[in-house]
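S.K.: Those protein sequences? They're chains A and B, same order as listed. Here the first sequence is numbered in this note's numbering, starting from 1 and rising by one per residue. Here the second sequence is numbered in this note's numbering, starting from 1 and rising by one per residue.
Among the hints, erroneous ones may be present.
One copy or any two copies: either way a pair holds, since identical chains are not told apart in the list.
Each computed DSBU-like pair below joins lysine-lysine, with the alpha-carbon atoms no more than 35 angstroms apart [said to hold, decoys possible]:
hint, residue 1, residue 2
1, LYS185, LYS104
2, LYS185, LYS143
3, LYS131, LYS185
4, LYS104, LYS219
5, LYS131, LYS104
6, LYS54, LYS224
7, LYS54, LYS131
8, LYS80, LYS219
9, LYS185, LYS80
10, LYS46, LYS143
11, LYS104, LYS80
12, LYS54, LYS185
13, LYS224, LYS46
14, LYS143, LYS80
15, LYS80, LYS224
16, LYS104, LYS224
17, LYS143, LYS54
18, LYS143, LYS104
19, LYS131, LYS80
20, LYS131, LYS219
21, LYS219, LYS46
22, LYS224, LYS131
23, LYS46, LYS80
Just so you know, these hints were derived from the structure itself, not from any lab.
Number of protein chains: 2
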Amino acid sequence: VGELVLVGMGLCDERDISLRGLEEARSAATVFVELYTSLMEGLSIKALANLTGKSIVLVSRRMLEEEDGREIIEAARRGKTVMLVPGDPLIATTHVDLRMRAAKAGIQTRIVHGASILSAAIGLSGLQNYKFGASVTIPSPEKYAASETPMNIIRRNREFGLHTLCYLDLDVERQQYMTISQALKTLLEAAARRHSQVVSNDGLVVGIARAGASDPAVKADLVKTIVGYDFGNPPHALIFPGRLHFMEAEALIVLANAPESTRTMVE
Amino acid sequence: VGELVLVGMGLCDERDISLRGLEEARSAATVFVELYTSLMEGLSIKALANLTGKSIVLVSRRMLEEEDGREIIEAARRGKTVMLVPGDPLIATTHVDLRMRAAKAGIQTRIVHGASILSAAIGLSGLQNYKFGASVTIPSPEKYAASETPMNIIRRNREFGLHTLCYLDLDVERQQYMTISQALKTLLEAAARRHSQVVSNDGLVVGIARAGASDPAVKADLVKTIVGYDFGNPPHALIFPGRLHFMEAEALIVLANAPESTRTMVE
Chain A
1 VGELVLVGMG LCDERDISLR GLEEARSAAT VFVELYTSLM EGLSIKALAN LTGKSIVLVS
61 RRMLEEEDGR EIIEAARRGK TVMLVPGDPL IATTHVDLRM RAAKAGIQTR IVHGASILSA
121 AIGLSGLQNY KFGASVTIPS PEKYAASETP MNIIRRNREF GLHTLCYLDL DVERQQYMTI
181 SQALKTLLEA AARRHSQVVS NDGLVVGIAR AGASDPAVKA DLVKTIVGYD FGNPPHALIF
241 PGRLHFMEAE ALIVLANAPE STRTMVE
Chain B
1 VGELVLVGMG LCDERDISLR GLEEARSAAT VFVELYTSLM EGLSIKALAN LTGKSIVLVS
61 RRMLEEEDGR EIIEAARRGK TVMLVPGDPL IATTHVDLRM RAAKAGIQTR IVHGASILSA
121 AIGLSGLQNY KFGASVTIPS PEKYAASETP MNIIRRNREF GLHTLCYLDL DVERQQYMTI
181 SQALKTLLEA AARRHSQVVS NDGLVVGIAR AGASDPAVKA DLVKTIVGYD FGNPPHALIF
241 PGRLHFMEAE ALIVLANAPE STRTMVE
């Protein structure tokens with residue numbers, strides 16, 4: 001009789017939930033919210049409670065990852081249970097895990113999708129979706145000092161002319177959010193260690209901050225300029241362009257304030 | 001004084017708009033809707049009009065692509081103008097073009113993001129986002145009989161262990177939607193012509209229909225089985241897995257009803 005509905009809340013605050021998602025929460029017996037897999041800058045649990053008319057249980061990383069989501073599964077066994085999550089629900093693997101556990105417990109699951117940084121960052125850059133290769137997370141240098149994975153992914157994508165979307169490390173519980181500047185410095189150091197030019201001061205890069213908020217920042221320029229640019233509050237993301245179509249170069253100039261010289265980078 | 005706000009409507013019907021997007025439409029002087037870049041199965045203009053309290057102007061492909069969106073730009077010059085679009089607004093390049101034209105005309109643009117098939121299909125498959133390479137559209141065989149692009153993208157992604165998300169050709173104006181079965185037959189023929197095994201009867205594939213609707217279908221199996229499987233109404237999409245992590249194989253079995261033998265495909 002119970003069921004579990006994972007509802008994506010989108011990118012910024014409580015107004016980014018869909019009408020469909022809101023209906024699901026309003027008709028649920030129990031509503032959980034998870035807020036640690038992504039930062040929703042303007043969200044408050046109080047605003048969600050007002051909107052849904054429900055008291056809302058905050059889900060910790062421990063509840064989901066160490067205790068295997070038992071409390072949520074048990075609630076879903078008793079009645080309709082909604083878990084509100086940032087972005088699009090199944091982009092975080094921890095929610096795929098929860099969905100599998102629910103399915104194995106014989107509980108039906110449904111998904112209400114939400115806006116994701118994946119399509120938002122691609123769209124805001126003006127670059128073309130089908131020209132993006134694999135994406136990658138830039139880990140905090142304190143965690144993985146020697147990680148060369150991002151550099152290798154960017155290099156491989158670029159060999160095929162493809163763009164690379166980079167998510168930046170975040171730890172919402174500790175309120176630590178990697179900035180574009182920190183990420184670029186980390187990548188420049190990794191490249192220098194390997195005598196690689198895959199990320200270099202004179203390469204083009206696009207910085208994106210607060211995708212989905214009312215004041216997003218999108219700026220394309222050479223790495224040496226972007227590394228010193230103030231993008232303001234988190235969350236931040238980066239795109240390393242591969243081969244540019246002339247319409248993409250034009251979009252970067254008009255929509256991301258790229259230098260006019262970007263036109264000369266069209267291949 | 002005018003501005004243009006592009007609002008993503010998400011995946012299925014009028015209830016997939018966000019509260020933020022709905023507020024924008026309700027406070028606009030003019031509201032347009034574009035319905036040809038993606039299929040929103042349950043959407044009606046009448047339902048949108050009821051919801052927003054506005055009369056809504058349907059935008060044709062001609063208005064956007066042949067007439068360069070002049071009517072929309074002119075409306076945005078006069079006052080706040082909202083254009084409602086399927087999915088996440090800037091994933092269709094035609095909307096990036098419109099945004100550039102507005103910017104060049106001195107009109108401020110803003111984006112309200114919506115759920116996209118990009119993150120929805122990836123999430124529903126249970127496969128991991130960062131393991132997807134470039135995505136590709138399977139063109140209708142009537143349009144591009146000899147297209148080998150999809151096969152080449154799938155092959156290249158697989159060489160690096162990456163999954164491939166395939167959008168299927170659609171023509172909303174003519175109500176022609178490629179099915180998973182048609183797409184697989186097209187790919188099998190292209191592979192046979194080239195004596196290639198990149199798409200073969202014994203390969204694993206994931207079919208996804210109606211992502212975001214209340215009755216999505218997600219099914220993983222060998223190509224020879226999926227080609228005969230009835231996924232029901234459009235829109236359809238396909239995923240060709242690359243190298244499977246054991247958790248991904250498990251997810252395909254539990255969430256996409258893949259055969260138990262999928263576990264033996266983990267590399």
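S.K.: Does each hint hold? Answer for all of them.
M.R.: So, going through the hints one by one against the coordinates:
1. LYS185 with LYS104: The answer is between: 34 angstroms across copies meets 35 angstroms, while 44 angstroms in one copy does not.
2. LYS185 with LYS143: within (15 angstroms within a copy, 47 angstroms between copies)
3. LYS131 with LYS185: both (26 angstroms within a copy, 25 angstroms between copies)
4. LYS104 with LYS219: between (46 angstroms within a copy, 17 angstroms between copies)
5. LYS131 with LYS104: Cα proximity of LYS131 and LYS104: across copies only (25 angstroms, versus 37 angstroms in one copy).
6. LYS54 with LYS224: Answer is neither: 49 angstroms inside a copy and 48 angstroms across each miss the 35 angstroms cutoff.
7. LYS54 with LYS131: This pair counts as neither: shortest intra-copy Cα distance 43 angstroms, inter-copy 37 angstroms.
8. LYS80 with LYS219: between (44 angstroms within a copy, 25 angstroms between copies)
9. LYS185 with LYS80: Classified as neither; 47 angstroms inside a copy, 41 angstroms across copies.
10. LYS46 with LYS143: within (33 angstroms within a copy, 53 angstroms between copies)
11. LYS104 with LYS80: within (17 angstroms within a copy, 50 angstroms between copies)
12. LYS54 with LYS185: neither (44 angstroms within a copy, 49 angstroms between copies)
13. LYS224 with LYS46: Answer is neither: 42 angstroms inside a copy and 51 angstroms across each miss the 35 angstroms cutoff.
14. LYS143 with LYS80: Neither, since 39 angstroms and 47 angstroms both go past 35 angstroms.
15. LYS80 with LYS224: neither (52 angstroms within a copy, 38 angstroms between copies)
16. LYS104 with LYS224: between (51 angstroms within a copy, 27 angstroms between copies)
17. LYS143 with LYS54: Answer is neither: 38 angstroms inside a copy and 52 angstroms across each miss the 35 angstroms cutoff.
18. LYS143 with LYS104: within (34 angstroms within a copy, 44 angstroms between copies)
19. LYS131 with LYS80: between (41 angstroms within a copy, 33 angstroms between copies)
20. LYS131 with LYS219: both (19 angstroms within a copy, 27 angstroms between copies)
21. LYS219 with LYS46: Only inside one copy: LYS219 and LYS46 sit 34 angstroms apart there, 39 angstroms across copies, limit 35 angstroms.
22. LYS224 with LYS131: both (25 angstroms within a copy, 30 angstroms between copies)
23. LYS46 with LYS80: both (21 angstroms within a copy, 31 angstroms between copies)
Checked against the numbered hints above, the structure breaks hints 6, 7, 9, 12, 13, 14, 15 and 17 and satisfies the rest.
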